[in-house]
Every structure is written in structure tokens, then in C-alpha cells.
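S.K.: Next come the chains, spelled out residue by residue.
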Amino acid sequence: MSEATSTTAASSAARQSSVFKLTFRLPIIIWQSLFFIGPLCFMVAMSFFIVRNYRMQEDFVMKNWLKMLGRDYFWDSYVLTWGLAGIGTVVTMLVAFPAAYTLAFKASEAVRRWAIFMLIIPFFTSYLVRIFSWYVILAESGVINAGLSYLGLGPFVMLNTKFGTVVGYMTLTLPLVIILQTFALANIDRSLVEAAFNLGCRPFRTIYRVILPMARTGLIIAAVFCFILSFGDFVSPYYLGGSKPPTLPILIVDTVKSGQQWPRAAVVAVVMMVTLFVVAFAGIMAAYRRRVG
Amino acid sequence: MSDNRPLRWFLYGYLALVFTFIFAPILFSVIFSFNSDRFPTIPLGSFTLKWYQTVWNDPDVWEAARTSLTVSLSTATIATLLGFATAYTDYRYSFRLKPVYLGLVLLPPTIPLIIMALAMLAWFAKLGISGQVMSIIIAHSVLTAPFAMAIIRLRLSQMDPSLESAAWNLGASQWSALRRVIVPFCLPAIISSFCLTAAVSFDEFAISWFVSGLNKTIPVIILEIVTGNIDPQVNAIGSFVFLVSMTLVIIAQVVLMTRRKKEV
Amino acid sequence: MVAPLVEFRSVVKRFDDFVAVERVNFTIEAGEFVAIMGPSGCGKTTTLRMLAGLEAPSEGEVLMEGRVMNDVPAHERDTPLVWQSLALFPFLNARENVEFGLQMRGVAAAERRRRALEWLDRMEIAEFAERDIASLSGGQKQRVALARSLVIEPRILLLDEPLSALDANLVIRMQSVLTKLQRELGITFVYVTHSQSEAFAMADRVVIMSRGHIAQIGSPKDIYRAPANRFVAEFVGRNNIITGTVGKATAKTVTIDGSLGSFTVDLGQHEKPRQGDTARFVVAADLAQISTAKPRRGNAIACSLISEEFIGSVVTLFLEAEDGSELKVQLQERELSKMDLKQAATIYLSWAADQAHYIGAD
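Protein chains in written order, with the numbering used here: chain L, 1 to 293; chain R, 1 to 264; chain P, 1 to 362.
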């Protein structure tokens, strides 16, 4: 008798506990499946749909793929996007490094914390307005050229160039890359760096032989994030880069906004996702590969 | 590392330059919003409030501001609830598919916005809920829930692991321990997460632009003005947007920092 | 027959592959002060947590007053715990912390407040009632934690190394606070600690655990004077453990031959061992004696002095026997001053036959 009551009590307690557990576990699973995994899967499926009489119909045809991948302008865009994002990543990593080095090794704890706080701010402010601001600053009669004219220089054409695009990319990525690089560098055991100096290692040699290899994982992750953000951005190449020829994100925008050719936009998006997946995977492999030799 | 004082000053100078680059667009946007010239440059024209007046008198901007506010507050609420539930699950339980679970939650920010925008647009059209304020809210919640999760999870990792058990031990059921101990402890992080997700949602334009239909948000208005021509109205709206986002971000940071200081 | 307040019946607790507690049986009577002691990882905290319902036993039963508690959730047991970290709620002040348990039991606000203040007063920290937890000292926090647990008037209080964060002086003071409280309230205290001095100073009975098993249960004196096995003898410390093989054995005594010599030891309650078996016995450091001249009695070991350690008026001498093993002896400083050890080449450590304690083979 007493045993029977104790089992019922136990099962009711267990049931309550699992209700509690699922209340916290399930919502996000349902939400993300419905509104994150769902849309992405549907987009992949959509790249096989067909458009007839300006209406999209569910189907399974290779037409969109053949059409997009068979066009030269698609591959021009692809190469351009790679090139711009690649240049942007290299430039951003190089520009960020001395700043991160200063924050990680030269600055005090308080300065470092404040700098990180400042670097977080842009991340939550309007990227669009900042790019528009650059547009005005970089224009032919804009702030920079007006300033340079006092020195008898210029005007330089900066808008609608790759330079403009890269400035835009950096507006998006530089704060994040500095933060990630600073964390990567700050995690290095400083006594090893000092040991290298004490052994007579010259500064640049120390950076190359000691600091870079030890911070490798963090630096590669920073570069991967930088590349993903640049590769997927349509605002900078559009407003600062002149959008001709278009990058892949601009291709998506144009295709969607100028008609019902969503399936073709989906093809571009899927190609982008696969590319980024490969880049991220390669980056992770490189970051966590055991050092050879 | 002895006689490197020049190097040190050089590096600090460089750092200042980098920060100038990062904050220049924000600064110029604010300055130009008070500048009378139609195409702002230096030397500056005279001081004016006319851009603000134009914006103030534009019913479309008011409409968009209302939509933006609705979207960002709703997004912040949903994202913070989802983020809290997820952070608590990660803190409290371990289970076999946890890496998959966490991946599901944390992955959205790594997908380019333009791709999410296209995918959401198509999916909402398929579900028959496109072009509504609700669609923007849903999309933004997916995007911002990971931030909420990260902020609250960080806070939970600062908690004495015995605290929740102590509440049970004193007679609190799982639910009342959650309400009386976990939520009060996480409150600073919950406020922060609310502010930051609201800020992200308030500034997001790509997804909003694709899925909003006629319910334009402020960033969508900006995008449309910018696409047309140069118009310093954008600086006025932009300064307002900066003011809102920065306020939210600073509140978030201050709440987290003062709380931490008090406990140390 | 009245059921004991607490009973563990062959309780096992496994975490994945790791067995934290392995077939533990013991009882605790109402009004006892029991200490559970052992090195870290011995399962003492897990045992306490099972009693509080914070861990479920993998096998066996935990009973309270005859009722099987295995499936009773933690919040339905009146088994308040004083945590090692104290686990005070940082967002509540001292009084609100104390009120927490009462609030969970649905006590009305005014009554709650009255009883909380009463307990804070009893713990001599009434003036800090409205203070933030962060602004209290270690000792004050300790008292808030005790008040928070005791205000719900439990029959049993669990304590998990509550004094480990305090400095030595405060530990001594809190020990007397705890023993006084336990005596006044007449309730059961179960006190988990790795510190022998805390356990022996406060507990009526001590449970010594080792790797999930109970090594010995007894009064502090039993454990100190009659360790049940080698683990306890070593853990308690201040013991000389001497190993050898069994030589001549009668029903009452046994001769143990080892590298230090041949000694006769009382068997006590132990059964007569077989000749040739390994056997050990213990000579407590404070029962051994030293002399510079070779004593008449047989149980003596010739040593040389290595070092001395003074703690108050008690001196511990560390000696080395001829075979290299280290031996200890404890004596009063004034006894030591009568001897001239520095001059002596050889010091003899000796003991009366009934002062050695036989512990068998393990």
C-alpha cells in the first residue's frame, strides 16, 4: 500500500519535472525549426521551382541552376565578390593587427576594457547610416577631398571604386576583428613573448615566430568572420562601390526587387551559402590543425 | 622591451587613428544633420534645424517610427524570453544532442542577412503571412535570440551553482526557485539583453526591407531615401537612430557593469 | 519500536561510470551531532545531498523516521542545508534571506518578519538585518546562513563544510556557537567535513568515509584510540603504524615480527590471526614514551632524532628508526625539557603492551 502511493508520487514528481524541463527546452527548438531551418530549407527547394506567367510554381527542375551557372555575368559576380571580400579581409586583418597588439600587450586592463566597450557600440548602431555618411565624406566634393584641396591635392575619385567598397566593408568588420584579435592575443602567455625578447629576438621576428603561431586559432576565426560579413554585404558594394558589375548579394537584391525571379535569387543564395560553408570549414580545419614541423 | 617609448606612442597614435575611422561616420552624420548645405562638406554651412523639421513634419517617418518601435519592443521581448529559456537549459541540463541544440540556437548570426532576408521572404509568402509587421518581428527574433542567450548564459555562469539548490532546499519548487532566485539573479542580464536585442532590431534593414511590405521601418525609409538621392534628411533620421541605439547599448552596458561591481 | 531519524539502507550512488557512494548503511538518532568525515572525493557530500533530496540514490533506500524518502523531492523535505559557499541570495538582504524558507511555507509577511528578526537577534546580528549580503563579513554571513536554515524549525540540520572559508580563530568561535546551538535546540546536526579537528571537537559520533565506503563509525575517542583499519589510522594522523608478520599468537595476544623488531600486541576484539599473515598495529604518538636509556620493557625501538615541531605546549618529535622508517612521539614541552636529547646518540621509543592497538591486515 505505502509502496503503491510512493510510486504514484514518484511518477507525478517525475512528470512535473519533465514538464518543467520541456518548457525551457522546446520553445527555441520549435521556433528555430519553424523560422530558421524552415526558411533555409525552403530556399534550397525554391531554387528548383519554376516561374510561369510571373507566378512561382513548386516544381523540381534544374532550369534555374543551368541558367544562372551558364551565364558569364554570374561568374563575373562570383569572382568579383570573392576578390572584394578577400581584399577586404586581408586589409582589415592588417589594419586591425597593430591596434589589437597595442590593446593586448601595451594597454592597461582599464584601457582595454574601455576600448572593447567602445568597439561594441558600432555593432549596435545603424550600418546603413554610417555607409551613407561615408558616401558624403568620400564624394568628389566631400569632406576628404575638400580637406585635401587646401593642401593643393586631389580631387581623388573614391566613390564607385573598390577602395570605396573596402572602406564600407571595414565599417562593418573592423570593430569585430579588433575585438577578436585582441582576445586572441591577450590569451597568449606573456612570459613566452618576454622570453623571446630576452633571448634577443627582434620585435618583428617575435611577432612572426612567437605571437602569430600562438594566436593562430583566434586570428583565423577573426578572418573567417570578417570574410563572411563582407561576402554577404550588399550595402557597401552598392552605395560605395557603384554596383557595376554587381556582387552576389546585389544580384540577389536586383533579382528579387525587379520581379518574380525568386528561384534564381535562391540559386545565388545557395551558391553563397555553400561557398561560405566551405570557407568556414577550411578556416576551422586550419585553426585547429596540429602544427606540422 | 626597454627603450621602446617612441614605439609605444606610435602604437597609441595608430589606435587613435583606427578609432577615428570607426567613429568618423557617426560623428559626421550628427554634424551634418545641423548643416544647412544640401550637399554637406567642409567648410560647414550655417547651423540649421530644417532637416529635423522636415523629418518631424513627415507623416511617413512617424508611421515608420511607430512600426520600428513596435517591432523592436516585440522582438526584444520574444528574443529575451527565448534566450532566457535556452540559456537556462544550457546551464542546468546536459543531454546527448546538446551540440545540435546549441547550434540551432547560435547559428543564425553567421548566415548573411541578405540570404536570411530572401529565405524569410519566400517562407512567409508560402505560409501566407508575408508583408506584415508580425513577419518582421518573427524574423528579427530568430536573428537576435542568440545574443540574448549569450548575455544571459554569461550571467548564469557567474552564479554560485548552489544558489538554485539552496532555494529547493528551503522549500521552493522548481518554478518558485526560478521565479525567486534565477530570474532576480539574471535581471541585469535580462535588461541588457532586452536593450541590445531591441537595438539590433531597431537598426536592421535587409530583412525588414524584404519582408515588411507596406509596413516600413525607419531603416527601410532611410534605405529608400538613400537609393533616391542625397538628402540630408537621412542625417537627421540617422542621428535620431544613433541616439536611440546608443542609449539602449549604454543602458545595457551600465546595468551589467554596475551590478558586477556591486557583487565583487 | 521507534524508527531512527535517518537510516541509509545499502545506498549506492553512481554518476555515469563513477561510483560515488557504494553500499552505505548507517543510522542517525534524533538529537545526535554526527560528523561525516573523509578526504575529498570520498562520497561524504554526496551522502549529505542524498539526505537533502538533491541527489537520488541509484540503489538502496534513504529513510527518515521509517519513511522511504527516495522519491520525495528536495523542496518537500525539511532538511535545510548550510552550504560550503553559504549560497546566500545576493539580491536579498539579510532579513529577506532568512525569511525565504518561511515564505515558501506560506507564512504571512508579518509573522515571517517577526521570526526572521528573532533568529537574527539570537545569532547576534540583528543590527545587520537590512544590510546587503555583500556588505557582511564572513562570520556574519555564516550566522545569516544558520538563521536562514534554522528559522523553519527543522528536526535536522545539514552542514556541508560550512567553516572551510573562515580563518582559524573564527572557526574555533563558530564551533562553540554550533555545539551550543545544537544542545539548546536538541535537534540533529549532520556535519560534513574533511577536518578532523572540527569533527572531533563537535560531534557525538563520527562517520569516516573512504572511496564511497564507510571506514568506521564511532565516537571521536573510539576512532582516535581504536582505529578500525589502516585507512582510519592514517587519516586520523599522529599514529605510528607498524607492519610485520604474525609470529606466535594466543587468543589474547599476538607477536608481530618486522624490520623494527618483534613486538607483542593485545588482540582486543580481533580474532586470532594465522601465523605468517601480514598484520599491523598502531601506537598513538601521544601514548608512546621516549628515553635516552634503553627501557626494560620489550616494546622499544632505537631511533635518532630528525626534527621537533612545537605547537603551543605540545612538542612532536620526528624520529628515524634504524630501518629508515619515520616514527612520531608527542609530549608536553616541560617533559621534554627534563631530557637532554641533543647529546644522546640513540633515543628509545617505547610503549606499554596495552597501549598498542592491533588493526589486522588491511
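Incorrect hints may appear among the rest.
Stated by the list, open to error - Partner residues aside, some chain R positions facing chain P, computed with beta carbon under 8 Å:
id, residue
1, Pro109
2, Gln158
3, Ser162
4, Leu163
5, Ser165
6, Ala166
7, Trp168
8, Asn169
9, Leu170
10, Gly171
11, Ala172
12, Ser173
13, Val181
14, Phe185
15, Asp231
Unchecked claim - List of simulated lysine-lysine pairs, BS3-like, C-alpha gap at most 27 Å:
id, chain 1, residue 1, chain 2, residue 2
16, L, Lys21, R, Lys126
17, L, Lys257, R, Lys126
18, L, Lys67, R, Lys126
19, L, Lys63, R, Lys126
Said to hold, decoys possible - What follows is a list of derived Cβ distance ranges for each label pair:
id, chain 1, residue 1, chain 2, residue 2, range
20, L, Leu34, R, Thr54, 39 to 49 Å
21, R, Trp175, P, Gly268, 52 to 62 Å
22, P, Gly31, R, Trp175, 31 to 41 Å
23, L, Glu194, R, Thr54, 54 to 64 Å
24, P, Arg274, L, Asp189, 51 to 61 Å
25, R, Tyr12, P, Asp17, 30 to 40 Å
26, L, Val111, R, Leu27, 15 to 25 Å
27, L, Glu194, R, Gln158, 26 to 36 Å
28, P, Thr27, L, Ala14, 50 to 60 Å
29, L, Lys63, R, Gly228, 31 to 41 Å
30, P, Ser58, L, Asp189, 41 to 51 Å
31, P, Glu184, L, Arg190, 48 to 58 Å
32, L, Ala14, P, Asp204, 55 to 65 Å
33, L, Glu194, P, Ala168, 55 to 65 Å
Derived by calculation from the structure, the hints in this document are not laboratory data.
Keep in mind that this is a model prediction, so the values were computed, not measured.
Beta carbons are placed, not taken as given, at the ideal position from N, Cα and C, and that holds for glycine.
S.K.: Using 8 Å as the Cβ threshold, decide whether R:Ser165 counts as touching chain P.
M.R.: Constraint on R:Ser165 satisfied, holds at 5 Å.
S.K.: Per the CB criterion, is R:Gly171 less than 8 Å away from chain P?
M.R.: Constraint on R:Gly171 satisfied, holds at 4 Å.
S.K.: Given the hint of 41 to 51 Å, check if P:Ser58 and L:Asp189 actually sit that far apart at their C-beta atoms.
M.R.: Roughly 43 Å apart at Cβ, these two residues keep to the hinted range, so it holds.
S.K.: Holds or violated: R:Asp231 as interface residue toward chain P, Cβ cutoff 8 Å?
M.R.: 50 Å, violated
S.K.: Is the gap between the beta carbons of L:Glu194 and R:Gln158 within 26 to 36 Å?
M.R.: Given range 26 to 36 Å: holds, Cβ gap about 31 Å.
S.K.: Given a hint of 48 to 58 Å, does the C-beta separation of P:Glu184 and L:Arg190 actually sit inside it?
M.R.: 56 Å, holds
S.K.: Between L:Glu194 and R:Thr54, does the C-beta distance stay in 54 to 64 Å?
M.R.: Holds, since L:Glu194 and R:Thr54 (Cβ atoms, about 59 Å apart) stay within the stated range.
S.K.: Does the beta carbon distance between L:Leu34 and R:Thr54 stay inside 39 to 49 Å, or does it fall outside?
M.R.: 42 Å, holds
S.K.: Hint validation: R:Pro109 versus chain P, beta carbon distance must be below 8 Å. Holds or violated?
M.R.: Cβ of R:Pro109 sits 31 Å from chain P, so the hint is violated.
S.K.: Given a hint of 15 to 25 Å, does the C-beta separation of L:Val111 and R:Leu27 actually sit inside it?
M.R.: With a Cβ separation near 21 Å, L:Val111 and R:Leu27 satisfy 15 to 25 Å, so the hint holds.
S.K.: Decide if the proposed pair is consistent with the structure: L:Lys67 and R:Lys126, CA atoms, cutoff 27 Å inclusive.
M.R.: This hinted pair holds, its Cα atoms lying about 24 Å apart.
S.K.: Please verify that hint: R:Ala172, Cβ, nearest Cβ of chain P, below 8 Å or not.
M.R.: Given a least distance of 5 Å, the restraint on R:Ala172 holds.
Comparing the model with each numbered hint stated earlier shows that hints 1, 2, 15, 16, 25, 28, 32, 33 do not hold.
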